[in-house]
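Guided by the hints, dock chain L onto chain U, whose structure is given.
Heads up: the protein sequence lines correspond to chains U and L, in order. Last residue of the first sequence: 366 (my numbering), numbering continuous. Last residue of the second sequence: 827 (my numbering), numbering continuous.
Do not take every clue at face value.
[To be verified] Just some of the chain U residues that point at chain L, by a computed CB distance under 7 angstroms:
1. Gly27
2. Asp29
3. Gly30
4. Tyr73
5. Leu225
6. Phe232
7. Val234
[What the hints assert, rightly or not] Here are some chain L residues the structure puts well away from chain U; computed CB gaps all over 10 angstroms:
8. Leu621
9. Thr727
10. Glu745
11. Leu750
12. Trp810
13. His814
In short, the hints are calculated from the structure, not lab data. Remember, predicted model here, so these are calculated numbers, not experimental data. Glycine included, C-beta positions come from ideal geometry on N, C-alpha and C.
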Amino acid sequence: MKEIRLMKGNEAIAEAAIRCGVDGYFGYPITPQSEVMETLMALQPWKTTGMVVLQAESETASINMLYGGAACGKKVMTSSSSPGISLMQEGMTYLAGAELPCVVANVVRGGPGLGTIQPAQSDYFQSVKGGGHGDYHLIVLAPASVQEMADFVELAFDLAFKYRNPALILSDGMIGQMMEKVEMKPYKPRWTNDEIEQMHPWATTGKPENRKYNIVTSLELDSARFEVFNEKLQRKYQQIRDNEVRYETFECDDAEYLLVAYGSSARICQKSIQLLREQGIKAGLLRPITLFPFPTKEINALASRVKGILSVEMSAGQLVEDVRLAVNGKVKVEHYGRCGGMIHSPEEVVEAVKQKIIGG
Amino acid sequence: MSVDIKDIIKPENLVYKKSSVLTDNVMHYCPGCSHGVAAKLIAEVIEELGIQREVIAIAPVGCSVLLYNYLQVDWQEAAHGRAPALGTAVKRLRPDRYVVTYQGDGDLAAIGTAETIHACNRGENILMIFINNGIYGMTGGQMAPTTLEGMKASTCPFGRDLEHDGNPLKITELIAQLPGTCYVTRQSVHTAAAVRKTKKAIIKGFQNQKAEKGTSFIEIVSTCSSGWKLTPAQSNKWMEEHMFPFYPLGDIKDR
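Isolated chain U (complex conformation) (with noise of 0.2 angstroms):
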């Protein structure tokens, strides 16, 4: 039978972590997402799964601990919000550097700075382009409803061990707090460290004496080396661009304005494009659920299509500039959005449709 549950974005993530076999969770808290380590701690996981829950000291140490528990090939993450995420991005790189997989999930908040409490998509940038030092990405996981939260904490690691990569769950405060029903998954067993060993010959079990020990670095003094190995790092980044791009679309096959955006935006853009059809409007949507990687080959089929395409986003317009570079000139591509903890109405988005597309 199947198990439906009337729960928040942020409670789902903690639910789907424990259930899909998460070893480790460490966090600091922050508003809107404190929900995820306060569920933790209520289940007390380590008495039934065996799952370790910590509240660290700060993001950065937080971001390390996963460091600490990834290079021991174990399924660990944390949660926190743009303030927690910018402090975690030291980490982020020497995860990515170390070839490290783990579950980060970004509740976003408004910003620059300490900013607001209230849902925004601003960390656009941060998430996709690197965000910490060096050439790098990040798997980015776009959810837009409280069901792809719980269903992409499991996708989220699956990503990042398939590819030895940090994973980016990319929310926001509205998404974190609202809530919706969500079709639970059952248990599953944590991997023993027999299966890590075998499945993880990286990583740092302990050495054994038939293997030559494991060293987990991102220091690597030898730039010729170096160069070798951001070789490598990039031809793995083009394998998530060929493989492991993830899309909806909506109401596209005679749409002729095609509206583009993820998340709360892209929910907000399913009624706008009912409210332009009702006048006429042929309107779509396409919504990425990769980020990294972006859904570019696909938009810009679409822009063969129709007349004029609107990014859709809560920030002063940083999707917009991918949606642009996948378009690549064909048709015009404006950005609409509120920003600075604002959400846009549906009917807002269809002003600007009207305005920014069809009469400009």
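Relative to chain U, chain L alone:
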């Protein structure tokens, strides 16, 4: 009759051998540096306790980082100052393993102060080894949190001025105050006797971990001949005359 090297290295004449935990790599440490001795001691203790399979070691940033080239145990290299955070997660996820962190003064007592204090305060069941030579060696001799008053470094070329640069930090005394620590000691490796004491301390650190007593913290007051711009012999003398009065050797806490 002269004795040549071939006679000296005959098996029957050997009184000492290199630990099997050490690699054959040539150490990059400068002549007179304490790191090499500290590394050797950790290797010997791991071999003697028979725990090579069970050790996960964590290297920091600084001269200490390349320790992973010399000890054949599984290593994680941490970001600057973050080794105790890594160690926390490793031990909690693998309580069946011995965890040892190895950090210099800039790493442990400046940039990583928060991680150090909180790991010790939680009483993480790990061994932390702290190399205090009062200077940043790897980056070329800058002022460290433990640089003594009046001591010259490239970022305090006229000597540490307490009014301008602040005070040297006795982090080991501070850590001894924390209820999570079970064993806090300050040792050195500049004489044969000191080496023996430090080795005993390291053994105790691993044994405490087995007994699940909490954090063991061993400071090794060390020389940095290159950073101090002294010969190895002068460095040892300078350490005795200047470092030891401010950083006195001995156990601070043992429970």
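| field | Hints not upheld, ascending by number | value | Hints 1, 6 and 7 not satisfied by this model.
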